[in-house]
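S.K.: First to last, the sequence lines map onto chains A and B. Taking the numbering used here, the leading residue of the first sequence gets 18, the next gets one more, and so forth. Taking the numbering used here, the leading residue of the second sequence gets -19, the next gets one more, and so forth.
Hints are not guaranteed to be accurate.
Just the calculated beta-carbon pair ranges, DEER-fashion [unchecked claim]: (1) Ser96(A) with Ala68(B): 45 to 55 Å; (2) Pro236(B) with Ser96(A): 35 to 45 Å; (3) Arg32(A) with Pro200(B): 51 to 61 Å; (4) Pro236(B) with Gln108(A): 24 to 34 Å.
Take a look, some chain A residues computed to stay more than 10 Å from chain B by CB distance [what the hints assert, rightly or not]: (5) Thr23; (6) Thr38; (7) Ala89; (8) Thr104; (9) Arg109; (10) Leu133; (11) Arg139; (12) Arg154; (13) Tyr160; (14) Pro195; (15) Asp219.
It should be emphasised that the hints constitute simulated quantities derived from the structure, not laboratory data. Beta carbons: idealized from backbone N, C-alpha and C, even for Gly.
Each chain is listed here by its residues.
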Amino acid sequence: MSRDKTMTAEEVVGRLDSGMTIGIGGWGSRRKPMALVRALLRSDVTDLTVVSYGGPDVGLLAAAGKIRTLVAAFATLDSIPLEPHFTAARQRGALELVELDEAMFMWGLTAAAHRLPFMPVRAGLGSDVMRVNPRLRTVRSPYEDGEELVAVPALRLDAALVHLNRADVHGNAQYLGPDPYFDDLFCEAADAAYVSCERTVDSADLLKDAGPQTLLVKRAFVNGVVETPNGAHFTSCVPDHDRDEAFQRAYARAARDPEAWRAFAERFLSGDEAAYQAAVAAFHEEAAHE
Amino acid sequence: MSDTRTTAKATRAEYCVVACAEAWRDAGEILASPMGTVPTIGARLAKLTFSPDLLLTDGEALLIGDVPAVGARPGVVEGWLPFRQHLALAATGRRHVMMGASQLDRYGNQNISCIGDWARPTRQLLGVRGAPGNTLNNPTSYWVPRHSKRVFVARVDMVCGVGYDRAAAAGPSASRHHRLADVVSDLGVFDFRTPDRTMRLRSLHTGVTVEQVAEATGFPLTVPDEVPYTRDPTPEELRLIREVIDPRALREREVPA
């Protein structure tokens, strides 16, 4: 029987160091490992290079001053197009940005997973992605076509954080929603990967109600498993839960004003994960009585 | 009831819907990728009328086999298109995307990333998203709901979607599959069918003048001697827009009358 890799979110963060390159799975405000991000916020770990199809993970880490460099094609809350902490951080010059096209990002992760130095892509040619990333190089096809393409460098990660619907204690992880995003690639591109999930289940139960293609992440690429119910909150984690739109609106409103943000952080982010979930429940109770 | 709803004069938003739909005429069996409400209604209208072979998504990972109202769940799912496949599909070229633009210049260079100096923007927007890859791989059109000098600029601050001049300068790999089709705004329809591939006024929406367009555009436009009007929606198209695709009239919020 393979190892039991269950751990707490705090133990995951205990394995991360300042200055690391950390990939965060999900996409925008969808299936983000928010409980792990919140644990990171409570730690001293900082000076990070964050690699993400960005959502509020990027926003929260940027607001806390933990991002030195962000590698991204965007940061968005989906139903709210602009991530307010990300835009604020950019406008005050608080982080370095490596701005890549969405496909370049995917092929960069793929190169890292395949242990290749780069992948050739068309995306980027002619655009200002080449201007704002002066270290990007092109490569010429050795075949008759002689095409000159962008050599997207491998996006190798020290660690990956992803959140899936189910996992067993060994690190086999399953998504039950419509989109795997790139969570398997993030894990394969990383030296160490940590999976949080809505619920841990026996390996024998993984395929009780789902097909084998839902088994996205393999245990060989996983170092730790954390059970964090509602751990993607406030991003969506269908079919377990939708995005918490009311809470996201409150987050975005608060993020636009420093005073309001201090109050929001005090109310929701000053305690542990249990305190966070309790504060969210209270937020909804209050809203129901208004 | 349905009589007055279908015979009432077409609104500006409905002209825009039809103009967007026209971008996908004769497109064949490809994915229509509309961004924004009016292009979404336009793509669905095209599928229900003159381009029945189009593939459409639910806005997320599913290809829909019917044409539900905007915001409604599909009754039929005919395929699966998660982000990884969507990005790969763009590279096959079997897709025509209609993107938005915070800035657009006369060669069709588009910016959705940030305003001002990239190193420290005055206004950070979305980021480049998939615009660089989209424009190099599959036909691309643009939708601008409020035509103004703030959008139609002499120079974009950050080239995300690649225009004709930049694609040509970047060499054959950049221009091989590059094609900008239409630009649809609330004032008219534009394209790049000029000798130097700069923007041309193709048609005016009813009630708009050439002067109005020139006034709202921050660069010289090619204006033919005779500028036609954008075609009228047919009664059947108006019925489909108003009763089937957009019964909640979301189009009127994106383009107020």
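S.K.: Each hint should be assessed against the structure and marked as holding or not.
M.R.: Hints, verified against the model:
1. At about 26 Å, the beta-carbon gap between Ser96(A) and Ala68(B) misses the expected band of 45 to 55 Å.
2. Remark: the range hint 35 to 45 Å for Pro236(B) to Ser96(A) is contradicted by a beta-carbon distance near 22 Å.
3. Against the hinted window of 51 to 61 Å, the Cβ-Cβ separation of Arg32(A) and Pro200(B) comes to about 60 Å, which satisfies the hint.
4. At about 30 Å, the beta-carbon gap between Pro236(B) and Gln108(A) stays in the expected band of 24 to 34 Å.
5. Against the 10 Å criterion, Thr23(A) stays outside the reach of chain B, whose nearest CB is about 28 Å from its own CB.
6. At roughly 19 Å, the least C-beta separation between Thr38(A) and chain B is larger than 10 Å, which holds for a residue marked as non-interface.
7. At roughly 6 Å, the least C-beta separation between Ala89(A) and chain B is not larger than 10 Å, which violates its mark as non-interface.
8. The beta carbon of Thr104(A) is not kept farther than 10 Å from every beta carbon of chain B, the shortest such distance being approximately 4 Å.
9. Residue-level check failed: Arg109(A) sits 8 Å from the nearest beta carbon of chain B, not beyond 10 Å.
10. Distance check for Leu133(A) against chain B: the nearest CB is about 17 Å away, which clears 10 Å, and the non-interface claim stands.
11. With a least beta-carbon separation of about 5 Å from chain B, Arg139(A) fails to lie farther than 10 Å from that chain, contradicting its non-interface assignment.
12. Consistency note on Arg154(A): stated as away from chain B, and its beta-carbon is indeed over 10 Å from all of that chain's, at 14 Å minimum.
13. Separation of Tyr160(A) from chain B is adequate, the least Cβ-Cβ distance of about 13 Å exceeding the 10 Å criterion.
14. The non-interface label for Pro195(A) is inconsistent with chain B: the shortest C-beta to C-beta separation is roughly 4 Å, within 10 Å.
15. Once the 10 Å rule is applied to beta carbons, Asp219(A) is consistent with being away from chain B; the minimum gap is 27 Å.
The structure is inconsistent with the numbered hints 1, 2, 7, 8, 9, 11 and 14, although it conforms to all the rest.
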